[in-house]
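Chemist: Generate coordinates for the entire structure from the input sequences, incorporating the hints supplied.
Note that the protein sequences, when read in sequence, are chains A and B. My numbering numbers the first residue of the first sequence as -11 and each following residue consecutively. My numbering numbers the first residue of the second sequence as 6 and each following residue consecutively.
Certain hints may be false.
As the list claims (entries may be wrong) - Only some residues are given here: those of chain A computed to face chain B with a beta carbon under 10 Å:
1) A39
2) G45
3) L122
4) G126
5) R128
6) A136
7) S142
8) F149
Because the hints were derived from the structure by calculation, they are not lab data. Note that the structure is a prediction, hence the values are computed from the model and not measured. Where is the CB? At the ideal position from N, CA and C, for every residue including glycine.
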Amino acid sequence: MEKPSTLREIITDWASDQPTFRMSWGKAMMWIFLLSDAFIFGSFLAAYAGARLAATGPWPAAEKVFALHIGHTEVPLLLIAIMTFVLISSSGTMALAVTYGYQKNRTKTGLFLMLTVLLGLTFVGMQVFEWTKLIHEGFRPWENPMGAPQFGASFFMLTGFHGMHVTAGVIYLLIVAIKALRGVYDRLGDYQNVEIAGLYWHFVDLVWVFIFAFFYLL
Amino acid sequence: MPHAASHTTEEHHEPTGFWSRYIFSQDHKVIAIQYTITALVVGFVGLFLSWLMRLQLGFPGEFNFINPNNYLQFMTQHGMIMVVYLLTAILLGGFGNYLIPLMIGTRDMAFPFLNMLSYWIYLVSVILLLAAFFVPGGPTGAGWTLYPPQSVLPNASPGADWGIRLLILSLAVFVASGTMGGLNYVTTVLQLRTRGMTLMRMPLSVWGIFIASILALLAFPALFVGGVMLLLDSLFGTSFFIPVVNVLGQQLGREGGNPILFQHLFWYFGHPEVYIVILPAMGIVSDLLSTHARKPIFGYKAMVISIAAIAAIGFIVWAHHMFVSGMNPYFGFWFAIATVIIAIPSAVKTYNWLLTLWKGNLHLNTPMLFALGFVSTFIIGGLTGLFLGNVIADVPLHDTYFVTGHFHLVMGVSAIFGIFGGLYHWFPKAVGRMYSEALGKLHFWVTFVGSYLIFFPMFGEGFLGLPRRYFSFKGIESFSPIIHDLNVFITIVALAVGAAQLLFVFNLIWGAWKGRKAEANPWRATTLEWQTPTTPPPHGNWGAQLPVVHRWPYDYSLPDAPQDYIPQTTSQRS
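Modeler: Laid out in structure tokens, this is it:
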């Protein structure tokens, strides 16, 4: 008998009458949504690259624009570094919430979800501070004192759209946290919704890493 | 627990009130009909706008209410309505919703509530779209491609203030609705197939809709992003797409924008969009041809692979719409090659359709006629696409009526033929009554012959250099006098064909109201939707037990079989 190749086995498995992915439809749907959302952010970043390449004015130096003064020393990107640290930490607390969810530990799941919500709120709060500061310094979507107008336009567009994702995530996680604490998932016998919310939250963090790299560092 | 068992045990409470049953229904069949009716109504607005354009082109100066401004507005809205709000909505929202759960043997979409939301959000986008006719300045007249800078600079094109903003808003809402729908269609096909329904036993209609939904999920983001940036340029005075512009010696306070960037974003969406409407139509036509020719589809596997190949290559050909945009000419080389490569899977599909018909027992009823019409217009439209895929031929032809003729035949008329065929084919199942075959055939012949009479002369006009998007050709003496006669002819035919669509509307309404009661399986078809316990299918589709699939959907005219079709639910042994 001829031994079927591994590739053929994979294809046969995949095309069988079982669910294509061994997971609930809810989780599969979230993955597919995130793929689509990744294309949105991909398009945003590509469009930002196109606008930046075409801009005729000088492109402001991000480390100068986003510097904070501590006493008399200028620390470049200090706020952004803290924001990044906060958001990545929130991914850690989210992962803990998912783990405790698998252990059906209602209190700890709820606790770490709430902690994630708080860290997310901190991030949004710092972003509000950053926007306010820049607006006071004369940054507008249509002009800025440091150079090409596309700089401010891209900044407000990219961070604004990401910030909306974080805000939506905070509300989403808050609902999941309340449901977890009220024992809804205990009664269902299934904490999967925590994991699905976690997928979204990790994705939003991952997107921030790209924005951080391409907008603030480059 | 095996997934099939978990579905059967799922509880489906049938809603009883009028509102929850027919208006805010979460039943995929009701949502499908809501989508279909809404899309057809908007489609008739689009059709009416094309009449107004044709009146101006055929009889310039006779109709005083048409001026250059509103001519451009009619043209823009006609294009946008037909491509997005009619074709995309009816094929994914209408056929996708109706056929996917029935054809793969599930009770409903994965997430019925999101599905319902998708329809209502689509309705909001339609209202926003039509609202643009009532704001100061009217709807945008920048062409359906919305190219900046003229689409957003004040007074550069009609509707450059509120019209364009409303349209972008409407498109953003449509993208949200399309994403909700698309998530459901893709997830349902992947995760909720009934027992025995392997991927390679799915009818080609489901394949076409499935792949098109993936395309929608990956292509709409670029439209959304381009739209957001365009809206910022319009509302907040950013300069993403606006370079230094001089108007009457006055320099506008904008600089450094990149108008070509918008074209890239737009066509990164716009080209896959063409396949979003043609792939479901191709799938529907494949099923119609096989059923009404009483023959298995020829080369099923090749059909599936070519659908996937067209979709995949479709993402790397977008800049063939931009050969005259001023982008780097070296891009043209790559995009021309990729474009011509798409002809291969398209040709595979066309040959397979023809070979499915070969020596078949053709039943020339209305759905079959429309399917045959599709193959015909797709061939003519597709072959003229090869001209335009080549940079050197595209440059002189691009801004002429040759392009108008090409895309109307290949994705406008073809897609609508697939839709008409599908609507007639599944009407007995969805409504439980038959339409009038005689009226249907009359509708087909007028529309089919009329479409060629309208769009074929446009190829000639294009070769003669007649530019598209012009309000009037008065004062341009260099055009051959035949062009004016052709335009009069096209206009008269267009008015007649447009009016003939009322036959279709009348036929469906009359059929639903007074038509003969339909049998459960009037076409003697094999696929699951014809094997439901009642017609129209009940809420939850299948009664107590989900169907079990034993074979592929194209077992027609098997030798030694007792009848000329074997439903998918019949086991292999019997």
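Chemist: Determine for every hint whether it applies to the structure shown.
Modeler: These are the hints, each one checked on the structure:
Residue-level restraint check for A39/A holds (minimum Cβ-Cβ distance to chain B is 5 Å; threshold 10 Å). Checking G45/A against chain B: minimum C-beta separation of about 6 Å stays under 10 Å; hint holds. The beta carbon of L122/A is not positioned within 10 Å of any beta carbon in chain B (closest approach about 15 Å), and the interface hint is therefore violated. Nearest Cβ of chain B to the Cβ of G126/A: about 15 Å, over the 10 Å cut. The hint is violated.
Nearest Cβ of chain B to the Cβ of R128/A: about 8 Å, under the 10 Å cut. The hint holds. Below 10 Å, beta-carbon pairs count as interface contacts, and A136/A has one with chain B at about 6 Å; its hint therefore holds. Because the smallest distance between the Cβ of S142/A and any Cβ of chain B comes to about 8 Å, under 10 Å, the interface hint for this residue holds. For the restraint placing F149/A at the interface with chain B, the shortest Cβ-Cβ distance is roughly 8 Å, inside the 10 Å limit, so the hint holds.
Comparing the model with each numbered hint stated earlier shows that hints 3 and 4 do not hold.
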